[in-house]
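Colleague: Place chains B and C on chain A using the hints.
Chains as they are written, first to last, in our numbering: chain A, 35 to 211; chain B, -16 to 159; chain C, 952 to 1041.
Keep in mind that the hints were calculated from the coordinates and are not lab data.
Treat the hints with care, since some could be wrong.
[To be verified] Each computed DSBU-like pair below joins lysine-lysine, with the alpha-carbon atoms no more than 35 Å apart:
| no. | chain 1 | residue 1 | chain 2 | residue 2 |
| --- | --- | --- | --- | --- |
| 1 | B | LYS87 | B | LYS101 |
| 2 | B | LYS87 | A | LYS120 |
| 3 | B | LYS101 | B | LYS(-8) |
| 4 | B | LYS120 | B | LYS101 |
| 5 | A | LYS101 | B | LYS(-8) |
| 6 | C | LYS1005 | C | LYS1019 |
| 7 | B | LYS101 | A | LYS120 |
| 8 | B | LYS120 | A | LYS120 |
| 9 | A | LYS39 | B | LYS120 |
[What the hints assert, rightly or not] One side only, chain C facing chain A, incomplete, derived with CB under 7 Å:
| no. | residue |
| --- | --- |
| 10 | TYR1001 |
| 11 | LYS1005 |
| 12 | ARG1008 |
[Unchecked claim] Computed Cβ-Cβ distance ranges for the label pairs, DEER-style:
| no. | chain 1 | residue 1 | chain 2 | residue 2 | range |
| --- | --- | --- | --- | --- | --- |
| 13 | A | ILE86 | B | SER104 | 22 to 28 Å |
| 14 | B | GLU107 | A | MET35 | 39 to 45 Å |
| 15 | B | SER30 | C | THR994 | 52 to 58 Å |
| 16 | B | GLY23 | A | ILE86 | 44 to 50 Å |
| 17 | A | SER103 | B | SER25 | 47 to 53 Å |
| 18 | A | ILE54 | B | LEU141 | 41 to 47 Å |
| 19 | A | LYS101 | B | GLU107 | 44 to 50 Å |
| 20 | A | PHE44 | B | GLY136 | 56 to 62 Å |
| 21 | A | VAL178 | B | SER25 | 45 to 51 Å |
| 22 | C | ASP1020 | A | THR200 | 51 to 57 Å |
| 23 | A | LEU69 | B | SER25 | 31 to 37 Å |
As the structure is a computational prediction, the values presented were derived from the model and not from experiment.
A virtual CB, placed ideally from N, CA and C, is assigned to each residue, including glycine.
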Amino acid sequence: MHTVKVWDAFVRLFHWSLVIAFTLEALVLDEDSRLHEQVGYFVLALIGARIIWGLVGTKYARFSSFKPSIPAAVEQLGDIATQRDKSHMGHSPLGALMIYNLLISIALIGITGWMMTTNMFWGSEGVEELHEGLVIWAGASIGVHIVAVIFEGRRSRVNLVKAMVTGYKTLPDQDRK
Amino acid sequence: MMHYEKQSKESLALIGLILAQSICALFFLSDVANDAYWMGWSAFGRSWHLTVEALATLALIMGIIVEARYLMQMLRRQSRIERGISIASGALHELMEEMFSDWKLTPAEQDVAGFTLKGYSIGEVADMRGSREGTIKAQLNAIYRKAGVENRGQLVSLLIEDLMRAPLIKRKTAMI
Amino acid sequence: MKFLPLKPLTLTIALGFGLTAGAMAMASSYENITEEMRAQITTKLESDGYEVRKIEREDGMIEVYALKDGQRFEIYLDKDLKVSRIKQDD
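Next up, chain A with everything else stripped away, as it sits in the complex (with noise of 0.2 Å):
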């Protein structure tokens, strides 16, 4: 066993500022309350920090760590299939494909709350269904989310949720003898 830092202080607790701030607006406060827009900006301010940090921040904290890759998501999936061992430090390409689906749903969900309150589009059909969508794309992207760290936790011996919270990945051994 081997311990890495991995998550640095900021990007932890914006992950579970997040995940509170995403709870009370989807499930909590009501949706046409005051409450419920100011927790908005409040997390398009978290977003814009994230943004901000994924270009300046630590190692694995920047975007240029986890740049998005078709390919080797792919190539994660044919591992996933043959059942080979790869952990990987940071954000594997697929995390790192949900990690942007989830920054640029969240910010739209956002912005076209937003939109919602002026004059251009306020009353607007379409501008509230697509931030209604957005909520289910969110939502079940989240849940999935869930259920893949659970799955590549497991599936590599490495406790990710842990290592959200702590900032260290416990690397189990790639003793060859």
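Modeller: Leaving out everything else, chains B and C in the frame of chain A:
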């Protein structure tokens, strides 16, 4: 290799199809859930429309599951071709796949068997799979047992024997 | 194709069924504000200087999203289409 490129496009196309259908399934699922929530579960009994919609969504999801399983199988084949297993030809590769299937090897065992027949050492196979040598040895024992042989040499013989019995294919390929 | 868990034909039929049946299903809506009511509401509010954007049901009342003098409003009407509350969005 043409065969490989075509396969790789097929898996991408299949992934795209699965994604598109998943989005549709998500849409219909949320629609059914929304209707059931607002109109009550009795709505299923009152009108056939909601029931048909729910069944259609279920069929769509079943289709997606079948496709996903097929995709995993395709990726397994592709992964072996990529690793140069079928350096020989389609015939040798097809035979291997058939034998693995007959012996009911697990995906992991299929991978190990393929590499072993190709000539990789246990250490090399362990590296490529990210496993321990001990794991590979255990998997090889399972493979030999399922194939009804005792060692690597006999495993290779099984393959060659079958190959000699199989009719030669029209196209000219170099068999090493 | 020996790698399919099902015969190709069965697979195609299953996929086709899933797709076309799914496509046939129409999105249903829960509307009980008639065209007539909408026309009445719109005419009445427009004569009061509002630009009507959306009319829907909300908590048993009729809720109208409208604009007036560059301000956003939510206007609530009762079942007799009388204005019961006007809320301004800030």
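Colleague: Could you run down the list of hints and mark each one as holding or not?
Modeller: Taking the hints in turn, this is what the structure says about them:
no.	hint	verdict
1	LYS87/B / LYS101/B	20 Å, holds
2	LYS87/B / LYS120/A	24 Å, holds
3	LYS101/B / LYS(-8)/B	26 Å, holds
4	LYS120/B / LYS101/B	16 Å, holds
5	LYS101/A / LYS(-8)/B	22 Å, holds
6	LYS1005/C / LYS1019/C	14 Å, holds
7	LYS101/B / LYS120/A	21 Å, holds
8	LYS120/B / LYS120/A	19 Å, holds
9	LYS39/A / LYS120/B	33 Å, holds
10	TYR1001	11 Å, violated
11	LYS1005	4 Å, holds
12	ARG1008	14 Å, violated
13	ILE86/A / SER104/B: 22 to 28 Å	49 Å, violated
14	GLU107/B / MET35/A: 39 to 45 Å	25 Å, violated
15	SER30/B / THR994/C: 52 to 58 Å	34 Å, violated
16	GLY23/B / ILE86/A: 44 to 50 Å	48 Å, holds
17	SER103/A / SER25/B: 47 to 53 Å	50 Å, holds
18	ILE54/A / LEU141/B: 41 to 47 Å	59 Å, violated
19	LYS101/A / GLU107/B: 44 to 50 Å	30 Å, violated
20	PHE44/A / GLY136/B: 56 to 62 Å	57 Å, holds
21	VAL178/A / SER25/B: 45 to 51 Å	32 Å, violated
22	ASP1020/C / THR200/A: 51 to 57 Å	56 Å, holds
23	LEU69/A / SER25/B: 31 to 37 Å	35 Å, holds
Comparing the model with each earlier hint shows violations of hints 10, 12, 13, 14, 15, 18, 19, 21; every other hint is respected.
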